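Novice: Sequence:
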Amino acid sequence: MKVLKTLLLSLLLFSTLIIVIVFSIYFYVKFSTEKKIYTSVNSIPETHVALVLGTSKHTITGRSNLFFQYRIEAAAELYHSGKVNKLLLSGDNRFREYNEPRDMREALMQKGVPDSSIVLDYAGFRTFDSVLRAKKVFGQKNFIIVSQSFHLQRALFIANSQDINAIGFKAKDPPVKTARVYLREIPARIKAFLDCYILNTEPYFLGDEEFIY
67 MKVLKTLLLS
77 LLLFSTLIIV
87 IVFSIYFYVK
97 FSTEKKIYTS
107 VNSIPETHVA
117 LVLGTSKHTI
127 TGRSNLFFQY
137 RIEAAAELYH
147 SGKVNKLLLS
157 GDNRFREYNE
167 PRDMREALMQ
177 KGVPDSSIVL
187 DYAGFRTFDS
197 VLRAKKVFGQ
207 KNFIIVSQSF
217 HLQRALFIAN
227 SQDINAIGFK
237 AKDPPVKTAR
247 VYLREIPARI
257 KAFLDCYILN
267 TEPYFLGDEE
277 FIY
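Position one of the sequence shown corresponds to residue 67 (the working numbering), numbered consecutively onward.
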């Protein structure tokens with residue numbers, strides 16, 4: 067009986083430690099990046115490139131994805147306000163019928179952004195890859211990242227760990243927030259921490275340099 071109690075106590079202490087570590091990382095990502103996120107196009111500094119993080123154009127039910135729509139609106143606002151010269155659209159393109167960069171380009175061109183000001187990154191399979199490829203493939207060390215606030219925090223955390231001087235421009239949040247979107251941010255932040263500080267992970271695909279002029 068004593069052995070069982072000791073085992074249960076050990077499991078409880080271990081579980082508590084894991085929970086503390088997980089939430090410490092989660093909130094460190096949040097608080098270490100909050101001051102780098104801008105909500106107004108008037109206050110954000112000018113820079114050459116904005117990195118727009120990809121997401122699906124449609125939800126799994128076939129409806130328009132407001133996360134996608136609001137990122138496009140934010141990116142177009144940055145461009146038309148003269149805050150950036152180029153938009154680097156980074157997303158998943160691993161299947162022929164699913165092409166986030168192409169969908170973003172089409173949506174931005176409909177909003178008056180010329181094709182000559184758009185650069186596509188087809189190997190942004192995840193946020194980590196998108197941020198590192200902006201530096202290692204496209205030669206950018208100072209840029210704006212466009213996404214929703216919860217996503218920006220993780221992207222900026224990754225940028226900070228890689229000596230990238232990035233700031234964030236917040237796209238609007240959808241009025242109805244699904245718990246699934248925010249719950250999956252917890253393991254995503256743990257994975258980002260491990261990639262940046264423990265595993266020294268590289269992007270899935272690098273390839274030749276394509277400097278953005």
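These aren't lab readings, by the way, just hints derived from the structure by calculation. If you're wondering where the values come from, they're calculated on a predicted model, not measured in any experiment. Honestly, I wouldn't trust all of these hints.
[Said to hold, decoys possible] When the alpha-carbon atoms are kept at most 25 angstroms apart in a straight line, the in silico PhoX-like pairs for lysine-lysine are as follows:
1) Lys177 to Lys123
2) Lys102 to Lys238
3) Lys102 to Lys71
Novice: Take the hints in turn and mark each one as holding or not.
Specialist: Consistency of the hints with the structure:
no. : hint             : verdict
1   : Lys177 to Lys123 : holds (15 angstroms)
2   : Lys102 to Lys238 : holds (16 angstroms)
3   : Lys102 to Lys71  : violated (48 angstroms)
Violated hint: 3 only; the structure is consistent with all others.
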